[in-house]
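Participant: Make the full structure from the sequences, and use the hints.
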Amino acid sequence: MTTIITKTIAKICLMVDMLYSLDLLLIGGNRPGGGFIGGVLCACGIGLIYVAYGYEDVKKIWNPDWHSWFGYGLLFASITAISPLLAGHNYFRSAFELSPLIVGGFHLGELELVSSMFFDLGVYFVVIGGLLFIVTQVGMDKGKDPEGGK
Amino acid sequence: MISLEQADFIALIVLVAATAPCIYRVLYGPTLADRIAAEDAMGNALVVIFALYAYQASSIFLMDVAMLLAIISFVGTIVVAKYLDKGEVI
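Each protein sequence line maps, in turn, to chains E and W.
Going by my numbering, the residue at position 55 of the first sequence is 55; the numbering climbs one at a time, nothing skipped.
Convert by adding 1000 to the 1-based position in the second sequence; the result is the number in my numbering.
Hint data in this document are derived by calculation from the structure and do not stem from the laboratory.
Cβ coordinates follow ideal geometry from the N, Cα and C atoms, glycine included.
Incorrect hints may have been included.
[Claimed, not checked] Derived lysine-lysine pairs resembling DSSO-like cross-links, with alpha carbons at most 30 Å apart: (1) Lys7/E x Lys60/E; (2) Lys60/E x Lys1082/W; (3) Lys60/E x Lys11/E; (4) Lys59/E x Lys1082/W; (5) Lys59/E x Lys1086/W; (6) Lys11/E x Lys1082/W; (7) Lys59/E x Lys7/E; (8) Lys1086/W x Lys11/E; (9) Lys7/E x Lys1086/W; (10) Lys60/E x Lys1086/W; (11) Lys11/E x Lys59/E; (12) Lys1082/W x Lys7/E.
[Said to hold, decoys possible] Calculated from the model, a selection of chain W residues having no Cβ within reach of chain E, i.e. all distances over 12 Å: (13) Met1001; (14) Ser1003; (15) Ala1011; (16) Val1014; (17) Pro1021; (18) Leu1068.
Facilitator: Right under this line is the structure:
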């Protein structure tokens, strides 16, 4: 448990982290960003909540299996990588399509749909699951340190 | 009267000079808390350096670097501060 200042700042920082992490995930491919750094930022926000509130208290409210996030993300990225082989294209071939974006009768421009977005999504879940699995496993290991801690 | 680019360059020089005592304190700090405080100050100076250099180089991409560095440096400082206080991280 930490002070009330740390808890309040952690909650504010979590919102900024999640928003910027989704932004980095969505703009990846055209600008600097992508699944990896978005996942690192998301894991930073959730890890900060773990640090500020304590692992045992957060576990009562929300306790996902981070290792299964890792596994499903890896499976998703692998399926995306090998699916062009079924259509006769190369490994990791990415499809690309521009579709018109019309909302309420107004033509707002073109929406860019790429299939590498799914690979980035898989990498996103692999990074979140891997980093938070390590953090929670190391945090649960309360070893007897003779000179560290009170 | 100096222009905005020259003022930006002078600010860059001052901030790079400001990281030098932080590096000294990180290397030769007597306690761990001194090193962490110096590392946090150096991280904040680096964020402003990236933001100023983004204007100098006319590149919007370096602002992403500045924002990421600000968030990750803050999280690292919180984690080490809790380790120094309680002796455990989470």
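Participant: What are the numbers of the hints that this structure violates, sorted from low to high?
Facilitator: Violated: hint 18 alone.
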